[in-house]
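Novice: Build out the structure end to end from the sequences listed, making use of the hints.
Chains as they are written, first to last, in my numbering: chain Y, 1 to 246; chain U, 247 to 550.
No lab work stands behind these hints, which were simulated from the structure alone. Built from N, CA and C at the ideal position, the CB exists for glycine as well. Incorrect hints may have been included.
[As the list claims (entries may be wrong)] DSS-like, lysine-lysine: derived pairs with alpha carbons at most 27 angstroms apart:
#, chain 1, residue 1, chain 2, residue 2
1, Y, Lys19, U, Lys467
2, Y, Lys136, U, Lys416
3, Y, Lys153, U, Lys370
4, Y, Lys43, U, Lys283
5, U, Lys359, U, Lys507
6, Y, Lys15, U, Lys359
7, Y, Lys219, U, Lys480
8, Y, Lys15, U, Lys370
9, U, Lys467, Y, Lys136
10, U, Lys370, Y, Lys219
11, Y, Lys187, Y, Lys175
12, U, Lys507, Y, Lys201
13, U, Lys409, Y, Lys42
14, Y, Lys156, U, Lys409
[Claimed, not checked] So the derived list for chain U, only partly shown, Cβ under 10 angstroms to chain Y, looks like this:
#, residue
15, Thr284
16, Gly300
17, Lys506
18, Asp524
19, Ile534
[To be verified] Across the chosen pairs, the derived CB separations fall in these ranges:
#, chain 1, residue 1, chain 2, residue 2, range
20, Y, Ser158, U, His314, 32 to 40 angstroms
21, U, Tyr532, Y, Gly172, 22 to 30 angstroms
22, U, Lys416, Y, Ile100, 18 to 26 angstroms
23, Y, Asn103, U, Ile410, 35 to 43 angstroms
24, Y, Asp72, U, Asp514, 37 to 45 angstroms
25, Y, Leu180, U, Arg374, 32 to 40 angstroms
26, Y, Asp58, U, Ile294, 43 to 51 angstroms
27, Y, Gly128, U, Ala398, 26 to 34 angstroms
28, U, Tyr400, Y, Gly128, 52 to 60 angstroms
29, Y, Asn103, U, Lys418, 46 to 54 angstroms
30, U, Leu466, Y, Asn142, 30 to 38 angstroms
31, Y, Ser158, U, Gly389, 46 to 54 angstroms
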Amino acid sequence: MEIVSLIKAIPAVYKIDNKLNVTKWKLNDIDRNVLEAALLLKKTFDGNITVISVGPEDITDVIREALAYGGDMAYHIVTNEYIFSGTVISAAIESILREIEYNIILSGEASSDLYDSRIGALVASRLGLPFIPRCKVLEENNGNIICTLDLDKEYKVSVEYPFVLEITREFGKPKIVTILQLLRASKKIIHQVHIEKLIGKKSYAAPLEVIGLDRFEVKRERRISTGSIEDSVNFILDIFREERIL
Amino acid sequence: MRGALFIGDPNSIDYLTSLLDRLGINNNVLFSNIEMKTYPQTIDKVYIIPEVMGTATLTSMIDILRIHDVSIIVGDTSSWVTSYIPYLAGLLSGEYIGFIDDIYRDEQGFVIKKTIFTGELIVKYRVRETPIFLTINPSKVEGNLNKEAKEAIYLSESSPFYKILTEKEKEKDKIDIQYADVIVSVGRGFKNIKDLELAEELSNIVGGVVGCSRPIATDLKWLPEERWIGLSGKKVEPRLYIAIGISGQPQHLAGIRRAKKILAINIDPEAPIFQHSDYCVVADLYDILPLLIRKLKEQGVTRS
Ligand SMILES: Cc1cc2nc3c(=O)[nH]c(=O)nc-3n(C[C@H](O)[C@H](O)[C@H](O)COP(=O)(O)OP(=O)(O)OC[C@H]3O[C@@H](n4cnc5c(N)ncnc54)[C@H](O)[C@@H]3O)c2cc1C
Numbered sequence: 001m002e003i004v005s006l007i008k009a010i011p012a013v014y015k016i017d018n019k020l021n022v023t024k025w026k027l028n029d030i031d032r033n034v035l036e037a038a039l040l041l042k043k044t045f046d047g048n049i050t051v052i053s054v055g056p057e058d059i060t061d062v063i064r065e066a067l068a069y070g071g072d073m074a075y076h077i078v079t080n081e082y083i084f085s086g087t088v089i090s091a092a093i094e095s096i097l098r099e100i101e102y103n104i105i106l107s108g109e110a111s112s113d114l115y116d117s118r119i120g121a122l123v124a125s126r127l128g129l130p131f132i133p134r135c136k137v138l139e140e141n142n143g144n145i146i147c148t149l150d151l152d153k154e155y156k157v158s159v160e161y162p163f164v165l166e167i168t169r170e171f172g173k174p175k176i177v178t179i180l181q182l183l184r185a186s187k188k189i190i191h192q193v194h195i196e197k198l199i200g201k202k203s204y205a206a207p208l209e210v211i212g213l214d215r216f217e218v219k220r221e222r223r224i225s226t227g228s229i230e231d232s233v234n235f236i237l238d239i240f241r242e243e244r245i246l
Numbered sequence: 247m248r249g250a251l252f253i254g255d256p257n258s259i260d261y262l263t264s265l266l267d268r269l270g271i272n273n274n275v276l277f278s279n280i281e282m283k284t285y286p287q288t289i290d291k292v293y294i295i296p297e298v299m300g301t302a303t304l305t306s307m308i309d310i311l312r313i314h315d316v317s318i319i320v321g322d323t324s325s326w327v328t329s330y331i332p333y334l335a336g337l338l339s340g341e342y343i344g345f346i347d348d349i350y351r352d353e354q355g356f357v358i359k360k361t362i363f364t365g366e367l368i369v370k371y372r373v374r375e376t377p378i379f380l381t382i383n384p385s386k387v388e389g390n391l392n393k394e395a396k397e398a399i400y401l402s403e404s405s406p407f408y409k410i411l412t413e414k415e416k417e418k419d420k421i422d423i424q425y426a427d428v429i430v431s432v433g434r435g436f437k438n439i440k441d442l443e444l445a446e447e448l449s450n451i452v453g454g455v456v457g458c459s460r461p462i463a464t465d466l467k468w469l470p471e472e473r474w475i476g477l478s479g480k481k482v483e484p485r486l487y488i489a490i491g492i493s494g495q496p497q498h499l500a501g502i503r504r505a506k507k508i509l510a511i512n513i514d515p516e517a518p519i520f521q522h523s524d525y526c527v528v529a530d531l532y533d534i535l536p537l538l539i540r541k542l543k544e545q546g547v548t549r550s
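Specialist: Encoded structure:
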């Protein structure tokens, strides 16, 4: 089975001076669950895991981490900067997927940075594939794929591939990667292709323009009580009075 | 200009209608999963959509959006709607932005405001091309909208994306934590479901409601999902937020950034929640809560 995991590198350390400058990236939290789902499928059906990620040149370490979790090879769609537009990201991923073989494409419920919850559905729709939202359990029954979906109700559903499956946090993460897995991952192939080669310069100049980017800072008092239980309880009672809760 | 509303929760219809009204958009199309007795007057056409997505429904919806020349599609944040809307956006090559805070118009067009990076940044977007697809968490609407009965057209699905084998209702909740003045919020620091009684009792005394972190609602299922607060749950703005046994992961903090004051009780002095709190109590909740409740009762403070 050909399994594709869509994973995202999200900013870990960044500055804003008119625009976003990211100095360190990390793997989006939920994408560990995506890789766990991919490993489960690989174990059950025997297959390969291809990782696809969109982002600047310096997200390579994050892609290596995804490979260390069990990915076999990766496509890195290189961008000049951080991309805010779902249209641009999904168009680029679509153009890779049109060139490679796949049976199941996995994406996470959302990325912790932009939190739009869209890439799985956008990619599915561009490729004309079924989209299976919010899967928290994946099982196999006589060769059929059974998913438990966490929607307004909880559904158990059967699905036939090809399809795009969205994985939730409740799926569970794989174990932390070992140094040996990271070393092995350094030998795996990462194909790099610039986004402009895939979707053209014009489409890359997104239909979405960022016209403002500001920090949202809330100053907190941080008054601390570390005394006895009695002291702490009195501290809370004082706060209740101060805040006119009582 | 015409708009479309997409609702999974009937309670969000007034808010989404008012939002489009404010943007000067009417004669709107409504997509929903349940038929209602009456609809706001600015809604022109009502379509009832099957629960399970599939090619036939999506194709009909695209035709409807094209025929009515819809430029902006706004949905609520129910999981049903947030899975449908990006798919439609992909079919029409429209930009989709999920979970926005606000949208307004200036002389150049629509401006969309959204809190991103788990609440650390606020971005303003301008979308240059229509149709635009959005979801927004509904808030309260002042006053009543004029409503009337309308004929609803049912769309059917012949090729659903998946086959339902079993379905289980989830526990639903009537308490609306979004507008609560005081929230007593529980996290994985609580060892047993029975211990939540401590939080309930405190909440009753201080006239608050009990909220929770995501794992309490999803992994443990100790409280209904409507009570979960954070990036993927409710965003709350109480006067006082009391976080008990909650570590303060960025995804939780994203839901409480607009709380006026935060009081945290956590046994771990290094818990990240303390960096984001006004009042920090480093202690075992099992020592603090029984004594706090006793003292409050002794002082004759009971509201339940
Ligand atoms: C895409 C995505 C979206 C998410 N959305 C949300 C969301 O909307 N809301 C949300 O909450 N989470 C969300 N999460 C999950 C989030 O990352 C954390 O896993 C979660 O918030 C942790 O919950 P917790 O603080 O209850 O548990 P833990 O992180 O396990 O913290 C428990 C805390 O209890 C303290 N404690 C233990 N015993 C005691 C005691 N006796 N007395 C006092 N303190 C004690 C511990 O010191 C610890 O700090 C999301 C995750 C992802 C990946």
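Novice: Against this structure, judge whether each hint is valid.
Specialist: We went through each hint and held it up to the structure:
1. Taking the CA atoms of Y:Lys19 and U:Lys467, the gap is near 41 angstroms; set against the 27 angstroms cutoff, the hint is violated.
2. Distance hint between Y:Lys136 and U:Lys416 is fulfilled; the C-alpha atoms sit about 15 angstroms from each other, no more than 27 angstroms.
3. For the suggested pair Y:Lys153 and U:Lys370, the alpha carbons sit about 34 angstroms apart, so the restraint of at most 27 angstroms is broken.
4. Between the alpha carbons of Y:Lys43 and U:Lys283 the distance comes to roughly 51 angstroms, so the proposed pair goes past 27 angstroms and is violated.
5. A threshold of 27 angstroms between alpha carbons decides the hint, and for U:Lys359 with U:Lys507 the separation of about 24 angstroms falls inside it, so the pair holds.
6. Under the criterion of a C-alpha separation no larger than 27 angstroms, the hint pairing Y:Lys15 with U:Lys359 is consistent with the structure, at around 20 angstroms.
7. Only pairs whose Cα atoms come within 27 angstroms are accepted, and Y:Lys219 paired with U:Lys480 is accepted, the gap being roughly 22 angstroms.
8. With a CA separation close to 17 angstroms, the supplied pair Y:Lys15 and U:Lys370 stays within the 27 angstroms bound.
9. Of the supplied pair hints, the one linking U:Lys467 and Y:Lys136 holds, its CA atoms being roughly 14 angstroms apart against a limit of 27 angstroms.
10. For the suggested pair U:Lys370 and Y:Lys219, the alpha carbons sit about 22 angstroms apart, so the restraint of at most 27 angstroms is met.
11. Taking the CA atoms of Y:Lys187 and Y:Lys175, the gap is about 21 angstroms. The hint holds against a cut of 27 angstroms.
12. Only pairs whose Cα atoms come within 27 angstroms are accepted, and U:Lys507 paired with Y:Lys201 is rejected, the gap being roughly 48 angstroms.
13. For the hint pairing U:Lys409 with Y:Lys42, the CA-to-CA distance comes to about 23 angstroms; that is within 27 angstroms, so the pair holds.
14. About 9 angstroms separates the Cα atoms of Y:Lys156 and U:Lys409, which keeps this hinted pair within 27 angstroms; it holds.
15. For U:Thr284, the suggested interface contact is broken, since its CB lies about 23 angstroms from the closest CB of chain Y, more than 10 angstroms.
16. Of the supplied interface hints, the one on U:Gly300 holds, with its beta-carbon coming within about 8 angstroms of a beta-carbon of chain Y, less than 10 angstroms.
17. The interface hint given for U:Lys506 is met, as the beta carbon of that residue sits about 8 angstroms from the closest beta carbon of chain Y, less than 10 angstroms.
18. Nearest Cβ of chain Y to the Cβ of U:Asp524: about 4 angstroms, under the 10 angstroms cut. The hint holds.
19. Nearest Cβ of chain Y to the Cβ of U:Ile534: about 6 angstroms, under the 10 angstroms cut. The hint holds.
20. Under the hint 32 to 40 angstroms, the C-beta atoms of Y:Ser158 and U:His314, about 35 angstroms apart, fit the expected range.
21. At roughly 28 angstroms, the beta-carbon separation of U:Tyr532 and Y:Gly172 lies within the given 22 to 30 angstroms, and the hint holds.
22. Judged by the Cβ atoms, the range 18 to 26 angstroms given for U:Lys416 and Y:Ile100 is violated: they are separated by roughly 38 angstroms.
23. Under the hint 35 to 43 angstroms, the C-beta atoms of Y:Asn103 and U:Ile410, about 22 angstroms apart, miss the expected range.
24. Between Y:Asp72 and U:Asp514 the beta carbon distance is about 39 angstroms. The supplied range of 37 to 45 angstroms therefore holds.
25. Taking the beta carbon of each, Y:Leu180 and U:Arg374 are about 49 angstroms apart, not inside 32 to 40 angstroms as hinted.
26. As the Cβ distance of Y:Asp58 to U:Ile294 is approximately 49 angstroms, the hint placing it in 43 to 51 angstroms holds.
27. Separation of Y:Gly128 from U:Ala398 is about 29 angstroms and conforms to the stated range, judged on CB atoms against 26 to 34 angstroms.
28. In this structure, U:Tyr400 and Y:Gly128 break the distance hint of 52 to 60 angstroms, their C-beta atoms being roughly 24 angstroms apart.
29. Restraint check, Y:Asn103 to U:Lys418: a C-beta distance of roughly 37 angstroms breaks the suggested window 46 to 54 angstroms.
30. Take U:Leu466 and Y:Asn142: their Cβ atoms lie about 32 angstroms apart, and the range 30 to 38 angstroms holds.
31. Checked against the given bound of 46 to 54 angstroms, the beta carbons of Y:Ser158 and U:Gly389, roughly 47 angstroms apart, stay inside it.
Taken one by one, the earlier hints fail for this structure at numbers 1, 3, 4, 12, 15, 22, 23, 25, 28 and 29, listed in ascending order.
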